[in-house]
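A.B. asks: Residue numbers (this note's numbering), protein chains in the order written: chain U, 1 to 769; chain R, 1 to 115.
Be careful, since some hints might not be right.
[Stated by the list, open to error] Here are some, though not all, of the chain R residues that point toward chain U, as calculated from beta-carbon distances under 8 Å:
(1) L32
(2) I57
(3) L107
To be clear, the hints were calculated from the coordinates, so they are not data collected in a lab. What you are looking at is a predicted structure, and each value in this text was computed from that prediction instead of being measured. Ideal Cβ placement from N, Cα and C applies to all residues, glycine included.
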Amino acid sequence: MMLAISVLSGFGLAFAAPILSRRFGRAAGWILALLPAGLTLYFIGLLPSAAAARPAAFSAPWAPDLGLVFSFRADGLGLLFALLISGIGALVVTYTGGYLKGNPNLGKFYAWLLVFMAAMLGVALADNMILLFVFWELTSISSYILIGFEHERASARAAALQAFLVTGGGGLALLAGLLLLGSAGGTLELSALLGQGDVLRASPFYFPAVLLILLGAFTKSAQFPFHFWLPNAMEAPTPVSAYLHSATMVKAGIYLLARLGPVLNGTDVWVYAVGGVGAATMLVGGYLALSQTDLKRLLAYSTVSALGMLTLLIGLGSPHALEAAIVLLLAHGLYKGALFLVAGALDHETGTRDITQLGGLFSAMKLTAIAGGIAALSMAGLPPLFGFLSKELTYEAALEFGPWLAGAVVLAGLSFVFVAGVVGVGPFWGKQKQTPKSPHEAPLSMWLGPAILAGLSLLLGIFPNSISRFLISPAASGAIGESTSVKLALWHGVNPAFVLSVATILIGAGLFAARHPIRSGLSRFAWRWGPSFFYDRSLDALNALARGQTRLLQSGYLRFYLFAIILTVTGLAGFTLFTRGGLPVPVAVSEVRFYEAALALLILLAAFVATVSWSRLGAVAALGVAGYGVALIYLLFGAPDLAMTQFLIESLTVILFVLAFYHLPHFAQLSSRTARVRDGLIALLAGGLMTSLVLSAVDAQLHPSISGYFVENALPLAHGRNIVNVILVDFRGIDTMGEITVLGIAAIGVYALLKLHTDRKKDKKGGGE
Amino acid sequence: MEVILAFVIGGLFALAIYMLLRRSLVKLLIGLALLSHAANLLIFTAAKLTRGRPPVIGMETAALEPPFADPLPQALILTAIVISFGVMAFALALAFRAYRSVGTDDLDQMQSTDV
Numbered sequence: 001m002m003l004a005i006s007v008l009s010g011f012g013l014a015f016a017a018p019i020l021s022r023r024f025g026r027a028a029g030w031i032l033a034l035l036p037a038g039l040t041l042y043f044i045g046l047l048p049s050a051a052a053a054r055p056a057a058f059s060a061p062w063a064p065d066l067g068l069v070f071s072f073r074a075d076g077l078g079l080l081f082a083l084l085i086s087g088i089g090a091l092v093v094t095y096t097g098g099y100l101k102g103n104p105n106l107g108k109f110y111a112w113l114l115v116f117m118a119a120m121l122g123v124a125l126a127d128n129m130i131l132l133f134v135f136w137e138l139t140s141i142s143s144y145i146l147i148g149f150e151h152e153r154a155s156a157r158a159a160a161l162q163a164f165l166v167t168g169g170g171g172l173a174l175l176a177g178l179l180l181l182g183s184a185g186g187t188l189e190l191s192a193l194l195g196q197g198d199v200l201r202a203s204p205f206y207f208p209a210v211l212l213i214l215l216g217a218f219t220k221s222a223q224f225p226f227h228f229w230l231p232n233a234m235e236a237p238t239p240v241s242a243y244l245h246s247a248t249m250v251k252a253g254i255y256l257l258a259r260l261g262p263v264l265n266g267t268d269v270w271v272y273a274v275g276g277v278g279a280a281t282m283l284v285g286g287y288l289a290l291s292q293t294d295l296k297r298l299l300a301y302s303t304v305s306a307l308g309m310l311t312l313l314i315g316l317g318s319p320h321a322l323e324a325a326i327v328l329l330l331a332h333g334l335y336k337g338a339l340f341l342v343a344g345a346l347d348h349e350t351g352t353r354d355i356t357q358l359g360g361l362f363s364a365m366k367l368t369a370i371a372g373g374i375a376a377l378s379m380a381g382l383p384p385l386f387g388f389l390s391k392e393l394t395y396e397a398a399l400e401f402g403p404w405l406a407g408a409v410v411l412a413g414l415s416f417v418f419v420a421g422v423v424g425v426g427p428f429w430g431k432q433k434q435t436p437k438s439p440h441e442a443p444l445s446m447w448l449g450p451a452i453l454a455g456l457s458l459l460l461g462i463f464p465n466s467i468s469r470f471l472i473s474p475a476a477s478g479a480i481g482e483s484t485s486v487k488l489a490l491w492h493g494v495n496p497a498f499v500l501s502v503a504t505i506l507i508g509a510g511l512f513a514a515r516h517p518i519r520s521g522l523s524r525f526a527w528r529w530g531p532s533f534f535y536d537r538s539l540d541a542l543n544a545l546a547r548g549q550t551r552l553l554q555s556g557y558l559r560f561y562l563f564a565i566i567l568t569v570t571g572l573a574g575f576t577l578f579t580r581g582g583l584p585v586p587v588a589v590s591e592v593r594f595y596e597a598a599l600a601l602l603i604l605l606a607a608f609v610a611t612v613s614w615s616r617l618g619a620v621a622a623l624g625v626a627g628y629g630v631a632l633i634y635l636l637f638g639a640p641d642l643a644m645t646q647f648l649i650e651s652l653t654v655i656l657f658v659l660a661f662y663h664l665p666h667f668a669q670l671s672s673r674t675a676r677v678r679d680g681l682i683a684l685l686a687g688g689l690m691t692s693l694v695l696s697a698v699d700a701q702l703h704p705s706i707s708g709y710f711v712e713n714a715l716p717l718a719h720g721r722n723i724v725n726v727i728l729v730d731f732r733g734i735d736t737m738g739e740i741t742v743l744g745i746a747a748i749g750v751y752a753l754l755k756l757h758t759d760r761k762k763d764k765k766g767g768g769e
Numbered sequence: 001m002e003v004i005l006a007f008v009i010g011g012l013f014a015l016a017i018y019m020l021l022r023r024s025l026v027k028l029l030i031g032l033a034l035l036s037h038a039a040n041l042l043i044f045t046a047a048k049l050t051r052g053r054p055p056v057i058g059m060e061t062a063a064l065e066p067p068f069a070d071p072l073p074q075a076l077i078l079t080a081i082v083i084s085f086g087v088m089a090f091a092l093a094l095a096f097r098a099y100r101s102v103g104t105d106d107l108d109q110m111q112s113t114d115v
């Protein structure tokens, strides 16, 4: 129960956030951060039970017939993500208080940040796959709103839409994939599915399910060729970039791959698709990062590269690779989150985040510089920081798969060193440069977050075994699928991985020293035909299609709408009627009497005259004749009540028509001959269908009629002898009440329409020509 | 008789739809009136016809002796007749109002709400 509450509490606080923000002003960030901070402690408390393979769980029926269960499960893998989400969440919420100080929409921002946090916790802890999907989509929606937070800018709106379309489209594929997986495994509960790896891999659904799930995971985690939305998402305020687009949301895809890896990996599809895409993303992201000059875009491309590395490690699927992925996940969350927050602080205090304009800021922003420096060292993989450990493990895992793969990973590592230098060292050292705002230290709320994250990078690097038993090992066990115990140590001795690590740092430092020529050299090779080009073209094509079909279907002419409706109904109903039953010939019909046939003819004739008459009065008179004829039919066939009502209403209608027509123009020939012939044909077609429908309906009795109930109970229950009346005023009395209401509303409407007219006239007179 | 009524219904529908497709607002209203006749007769006929036996329990008897006309479609049609009158009245007032405001009863000319 506590587990479900912990996930959903963020939604509750989101409702209160705008009020709290208004009430407490600058302190609101600190107050709101209490929830994620408390959740962090709660999740830490759950770690021992997860490590003992007795994870906390909660389950309540939702729609059991559909396999929908409201179930959560906090195992090691889920808890690692939950801790990243709630821990970094607490820091980001306090940071927001400083970063967006005075923003009129701050309350709304807090609210959506908390909605996102709750949704993301849901993704990490949900046990039911449909529930996971619901939370997954909620993260996309909150991401959409947060990226477009500064919605006055067109570029922010476009970036928000792009992120939403890419991840939302992937989300649909994911839903299909999860459902396939569920039907292959016979359950939608992840915990139950995880034991069925062999069943799933043998299932014919395996291949399509894997492809669809990968599509969902790759779009969410910005894998090549869907990586382009992530750098554009940097339009969001920096707390969002740090939180959603670096530390947590973009790792949802990684989470899903790690979660499903134990049952899906080991096949060629998995290794080549996941590993291949991961490697490509890692290299493309690392390469594109080199030429960026905007701090946030630089970090975004580097995040893409890291996400690629994570995907690659999961694709490799060996225990060592998966352990390395878990450690990299944590290390990346810590250092990249810190660097993003530092970038935001730089932007906030100097007024620019263009790296060519930043330099020598150490003396002005000492605390920010120290936090950024430590985070950068961790990213570069220097001992004794946690990033060093992560890099050693990654290299070791890659070396198991041969020199080519290790080479690729080293290339990405070089880019990491380069980016770390540009973000964590470049702005603070060297020659002081003129910035738009005179630089000063960031407020407490804005340096505390990066300082804590950087401090953790240092602490965990020095004492890695403090978390290996309760955090890393259970999480790695979840990704591997069997219990494992990870030993973390800073010093592994001089082995090939260490040699590669030293080489990476040395060459990377060299690249950093030559950063200016590299940047200007690379920026000449801008990608014009990248995936975002195709995104733009397909968006244009979609809009053109929508415009075209709108112009075609929404013509603004009433008759074309009617054409569409009538022809569709006639076509579909007619098709079904004639393919299922053929031309209907009713068997049990009553005999024809002469005067009845004459009456039928009279009705048709009168209706025809009403249609073709050139005189308005003549048309109304013919309409009245047709109505009285219908009333006579009712009278002849046992419906005196109907006949009475029809006589009364028909008389009233005729009077109304005459009154109204007095004020309306004469008939005029408006349509061309072709149009009339066309309309006549359509009308005949529809009329013919109705005739066939009646003929086939006369004999059909698909369901037992409920008339018998009314007939039997009218006298004993309702004490009425006229059964039609009893139905109207007793059995279905509320319906009649509704009918009276409709009439009342129509009367008010008529009155208002007529009244409006006189007022308008007065206005005209009063307004004076 | 059902067969003949089926053709009456089809004819009424055809005429009503033809009128609904006209450009003149006044003709459209006549089409609307014909359409409600057609729909009511459709319900009436589809439930089968029973000649001259209304669903009313006589004062001396305690229950209806079959055959008798089905009361359920009658209740539906009764409601429909009254509602269609409300619709008709409203539509007429609307047409009147629109003609006064726009100065035409040609639907193709009614392209803006401004006079």
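A.B. asks: If a hint holds in the structure, say so; if it doesn't, say that too.
C.D. replies: Verification of the supplied hints:
1. L32: 11 Å, violated
2. I57: 4 Å, holds
3. L107: 6 Å, holds
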